[in-house]
Amino acid sequence: MENNVVLTMRGITMTFPGVKALDNVDFTLRKGEIHALMGENGAGKSTLIKCLTGINDFEAGEIRVDGVDHPVKNRSTMDAQKIGISTVYQEVNLCPNLTVAENLFIGREPMTALRTIDRRKMVKQADELVKRLDIKVDVTQNLENYSLAIQQMIAIARAVDMDCKVLILDEPTSSLDDSEVEKLFKLMNQLKDNGVGIIFVTHFLEQVYAVCDRITVLRNGTLVGEYPIADLPRVKLVAAMMGKDFDDLAAIKPEGFTYDADAPLEISARGLSHKGTIKPFDLDIHKGEVIGLTGLLGSGRSELARSIYGADKAQTGTLKVGGKDAKIKEPIDAMHLGMGMLPDDRKAEGIIGDLSVRENIILALQAKRGMFKQLSRAKQEELADKYIEMLQIKTASRETPIKQLSGGNQQKAIIGRWLATDPDFLILDEPTRGIDVGTKTEIQKLIIKLAGEGKSVMFISSEIEEMLRTCNRMAVLRDGQKVGELDGELTQERVMAAIAGGDSK
Amino acid sequence: MKKPANALKERRQINSNTLLLLITIALFFVMYIAGMIAYSSKGFTTVQTLCNLFLNNAALICVACGMTVVMLTGGIDISVGSLVALDCMVLCYGMANWNLSAPAAVLLVIVIGVVMGVVQGFLIGYLEIQPFIVSMAGMFFARGMVSVISTNQLSITADINQAFYNFANLRITFPFGATVNRQGVAIYPYIRLGVVIAILVLIVTFLILRYTKFGRGLYAVGGSEQSAAMMGLNVKRTKMMAYVTCSILTTIGGICFCMNGLMASTTTADGFEMDAISSAVIGGTLLTGGVGNVIGSFFGVLINGTINALVQTDGRLASSWPNILTAALLCVFIVLQSIFAKIKEKSK
Chain A
20 MENNVVLTMR GITMTFPGVK ALDNVDFTLR KGEIHALMGE NGAGKSTLIK
70 CLTGINDFEA GEIRVDGVDH PVKNRSTMDA QKIGISTVYQ EVNLCPNLTV
120 AENLFIGREP MTALRTIDRR KMVKQADELV KRLDIKVDVT QNLENYSLAI
170 QQMIAIARAV DMDCKVLILD EPTSSLDDSE VEKLFKLMNQ LKDNGVGIIF
220 VTHFLEQVYA VCDRITVLRN GTLVGEYPIA DLPRVKLVAA MMGKDFDDLA
270 AIKPEGFTYD ADAPLEISAR GLSHKGTIKP FDLDIHKGEV IGLTGLLGSG
320 RSELARSIYG ADKAQTGTLK VGGKDAKIKE PIDAMHLGMG MLPDDRKAEG
370 IIGDLSVREN IILALQAKRG MFKQLSRAKQ EELADKYIEM LQIKTASRET
420 PIKQLSGGNQ QKAIIGRWLA TDPDFLILDE PTRGIDVGTK TEIQKLIIKL
470 AGEGKSVMFI SSEIEEMLRT CNRMAVLRDG QKVGELDGEL TQERVMAAIA
520 GGDSK
Chain B
173 MKKPANALKE RRQINSNTLL LLITIALFFV MYIAGMIAYS SKGFTTVQTL
223 CNLFLNNAAL ICVACGMTVV MLTGGIDISV GSLVALDCMV LCYGMANWNL
273 SAPAAVLLVI VIGVVMGVVQ GFLIGYLEIQ PFIVSMAGMF FARGMVSVIS
323 TNQLSITADI NQAFYNFANL RITFPFGATV NRQGVAIYPY IRLGVVIAIL
373 VLIVTFLILR YTKFGRGLYA VGGSEQSAAM MGLNVKRTKM MAYVTCSILT
423 TIGGICFCMN GLMASTTTAD GFEMDAISSA VIGGTLLTGG VGNVIGSFFG
473 VLINGTINAL VQTDGRLASS WPNILTAALL CVFIVLQSIF AKIKEKSK
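So the sequence lines, in the order shown, correspond to chains A and B. 524 is the number that my numbering gives the last residue of the first sequence; the numbers go up by one with no jumps. 520 is the number that my numbering gives the last residue of the second sequence; the numbers go up by one with no jumps.
Just so you know, these hints were derived from the structure itself, not from any lab. It is possible that some hints are incorrect.
As the list claims (entries may be wrong) - Part of the chain A face toward chain B, derived, beta carbon under 10 angstroms:
no., residue
1, M97
2, G126
3, T419
4, Q423
As the list claims (entries may be wrong) - Straight line, CA to CA, 20 angstroms or less: simulated SDA-like cross-link-like pairs of lysine to any residue:
no., chain 1, residue 1, chain 2, residue 2
5, B, K385, A, T135
6, A, K101, A, R83
7, B, K514, A, Q144
8, B, K385, A, L133
9, A, K255, A, T241
10, A, K140, B, P275
11, B, K385, A, Q144
12, B, K385, A, R127
13, A, K413, A, S375
14, B, K385, A, P115
15, A, K140, B, F386
16, B, K408, A, S95
17, B, K516, A, R127
18, B, K514, A, L167
19, A, K306, A, K332
20, A, K339, A, P350
21, B, K516, A, G341
22, B, K408, A, T96
23, A, K332, A, D303
24, B, K408, A, D98
25, B, K514, A, G295
26, A, K140, B, K385
27, B, K408, A, R94
Owing to the predicted nature of the structure, the values given are computational and were not obtained by experimental measurement. Note that beta-carbon positions come from the ideal geometry of N, C-alpha and C, so glycine has one too.
Only chain B is shown next, with the shape it has when bound in the complex:
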């Protein structure tokens, strides 16, 4: 006799995580369309505006994917921003001063990423040190190393490394959505390779999370570490691999970041880790672990990016407004999450 009531409850519960994701996606579209209406005279309606959103946030998409992976285990990695800075610095300085070829420089930063991931992952997974503390150390270390390498602002020009420069500036032009400039020339919207890389990272991470033992292991560990261990999962290794994955994805993000800006300084990607965390949270990833996916984080990034784009397009608002809007959004989403959790609890 309790059956029907239960069935109803179950349906509602199953939707709460999906619902958050849908809210996130809907919010992005609402914001974007609202922007198109409000700033249509300032060119917000062009396809290129959308392309720019991706161009500017390709790196953050990669880093947010990595962040999602560690947050699923209930952990956190606040070293990612500094690692992006270190990647940029090594790429710039390496190609300019050590005469590294582009592939060699890229390989070098990937090695750096893997080492960072392994060390942090080992400390967190096997020695069971708090992820926050470990990655904070990682953050200071990587940021410090940037200054050790150089305190100047460096940039990559065609003279320094023709191959990397060309690669970074390679445009992929769409055959539609052109705008006509004052001279009457049609300009077609374009993206760069970084965007392609970011989309690939997104797809691959999505597949890993959904279809591999490692991916499901992340969810299991985040859901209940003890249970995961009882069911025969290697919790320590899973946690370590989560941080290695995060650092690798962050490094790919760092390369995208460098390709987009073609420069490096001690303040590169300052606060990037917080952007990644807030994107993941807005995308429905729980800090307590076990819940979330990269699609949500991807839309979280797009929402963050849209806020920035809107404020820039408006031009009248101070540059601190994106932060305040992001803060408001975070509050809304955290409150929503806890309301859903409460409803869940009650209907049990």
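For reference, chain A alone in the conformation it holds in the complex:
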């Protein structure tokens, strides 16, 4: 093995039925580096990781790990762990009802002479471990008492303590807020200084540049290249991941796509509110407009949208839809008025995992029609095919259970579900969260296209850049209250100033 290298993967090839998931991919990890593995959804990142951890069985290629004098082929994650490869997933795989110490040591508890668990020693060792990694927890408390970020760090601590040379972090930051991400990065840097090689899989470009030393880019199951971070500025990284030039991202908004205050009103809310989540607000939305809701996480963006849609029934105020007074008690009322809403929690409120792509797509339309007017099978298939085609949903067939699709494709299918109801007003709450750059661009383009067809879109996103690219007007929220609207020239500075409050200009 070369100096300093802890892991080499050479010529890894693997096929799923019908698809070449990985084609001759190389990957090299050195001691004490944080190595980003980048690529769009379906580029083969997860597949490569799974080949390494023994979940997938690769057909050709060789994996070598420092300290093992023969090629490695893991059969299970347990095998991988034995030779020092540990993985921490986005979903924390620990037991919330046990204490931190137990979670750290379960399966390998220190034992007394009587073959019983030496709890005192376990607590002491756990305490030393978390202190060493500078995680501030009381190890005798139950894990469920700590935030997700801390839980993730405990999972990492467990992995690291099991003599780990290669630590794989698979989208660890998706559910963490900024300060938690900071803590995680601090821990990663500390591990790096201890000589652990870290593979970091993420969708957040800025995080890659904040913490990584090196980037390997995959596209369509093939290796694009391995770059030191300094050689690959953000624009080039995106280009490498997408295999196309950057200008796709820059200007989606067509010329003259500005706010037209004279267009007829689609939605007109006066004094709408929902106790505890959103204070009374007025909001007008014109036909053919993309209105963005911006504000910090928890500022009431989703809640505002939910109160219009009836997901949280508005307790005060009036709402006009298309110029007529509307009473919305439940989402189904809103649907009959031509609204659609894509909730931000895709897993819990969006997809129905075990149903097929077709069933997921026709769901909203069927609900709108009522249960006794069932769509014919032929019509269902026609609709499903139409949106699979139109949104370029990557799926084996329209009967594939939707949970087998990647996140971005699930999201497209859910968007298809709402397009199928032909809405006049579509609320998209974080439609691009956790999906790759290419699909993001497609969704943004789609939003602009819908607006061009005279539909109104409410777009909620945490990424200001993407809002700037798509919206022609923005409403700003702060602490559960709508505090302003921005139109005209939208710039990052203006939006930030408005979110921050004070004397914004």
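The hints should help you fit chain B onto chain A, whose structure is shown.
Relative to the frame of chain A, chain B by itself:
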């Protein structure tokens, strides 16, 4: 700056399970003391009343311990009542008609218990069949086997098996707390061996749950099966062993039951599984698994037993009242559990 608030929240959260346990324990004492005050003229204040509580519930303590073990994994075993009946029947019939010696009969029922546990545990753990369905089959099977053996009401007398009879009737007398009867003779309170066995079962189960890999594995599996598997625990085996443990503890309970009643019939221990489940739930064990311990279940049993004792002592109430009171208590405890869970959720 968020630190202090968090620290406060954490303290409150950690207590919610312990708090439920404390409520259970406090409730027992409140009920018992209230009973002593209300029925002092009917002898509820004597030490023997407390001893009787243990005498009558020794079997249920064992079975509730077993039930707690499976409920910790998120499972359930409703075959336990029928297994107790089968144990009693095999002991009675075996010693009377097959001329088994007492140790042989006891050994036979333990073997039956282990086999029941292994079969049910295998189906639930390895073939991943719903515990409710599997143990329901087990329940019908065991109850059916009772009738196959005999539909008569059998009893064990000194003539049938002197050793077992003596063993069952062996009194352990306390040197204090005597009551004086009408003839002026002091009668000291006593318990029988079944109570000693039940207390031993309780202590051993407590230690297993707290200090062994198997015990902690039960909690891990109940907390999150997937995580437990990811952390390298053998989930299938842990689940199977939970049912084996439950059946063994139930069998020990069955032996205690037989020692207390010295008889068996097709309706022996009818509904016993529900008593065990309700005791565990009142004691703070969650049906969803991962939370609970045998101390809580033990007090759950005592509360159930106290209700029965109070209604019996009163003498005026219909025999259906214990059921209604237990139902009310169950409701209270389930509501409390969900309120605590809600508070937990909110403070996150």
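For the restraint on Q423/A, tell me whether the closest CB of chain B is nearer than 10 angstroms. This hint is violated: Q423/A lies away from chain B, its Cβ roughly 18 angstroms from the closest one there, beyond 10 angstroms.
Straight-line Cα separation of K385/B and R127/A no greater than 20 angstroms? Holds, because 9 angstroms separates the two Cα atoms, which is no more than 20 angstroms.
Given pair status - D98/A, K408/B, alpha carbons within 20 angstroms: With Cα atoms ~19 angstroms apart, K408/B and D98/A stay inside 20 angstroms; holds.
Checking one constraint from the list: CA of K385/B to CA of Q144/A, max 20 angstroms. Satisfied? holds (17 angstroms)
Under the criterion that the straight-line Cα-Cα distance not exceed 20 angstroms, is the pair K306/A, K332/A satisfied? Cα-Cα ~24 angstroms, so violated.
Pairwise hint evaluation, T241/A against K255/A, where the allowed Cα distance is 20 angstroms at most: Between K255/A and T241/A the Cα gap is close to 17 angstroms, so the pair holds against 20 angstroms.
Within 20 angstroms, alpha carbon to alpha carbon, are K385/B and T135/A? holds (7 angstroms)
Distance restraint between K339/A and P350/A, which requires alpha-carbon spacing of 20 angstroms or less: Holds, at roughly 15 angstroms.
Within a Cα-Cα threshold of 20 angstroms, do K516/B and G341/A meet the stated pairing? Roughly 43 angstroms separates the two Cα atoms, so the pair is violated.
Straight-line Cα separation of K408/B and S95/A no greater than 20 angstroms? The given pair, whose Cα atoms are some 16 angstroms apart, holds under the 20 angstroms limit.
Decide if the proposed pair is consistent with the structure: K514/B and G295/A, CA atoms, cutoff 20 angstroms inclusive. The hint holds at about 17 angstroms.
Restraint: M97/A near chain B, CB-CB cut 10 angstroms. Satisfied or not? Given a least distance of 6 angstroms, the restraint on M97/A holds.
Of the hints listed earlier, those the structure fails to meet are numbers 3, 4, 7, 10, 17, 19 and 21, in rising order.
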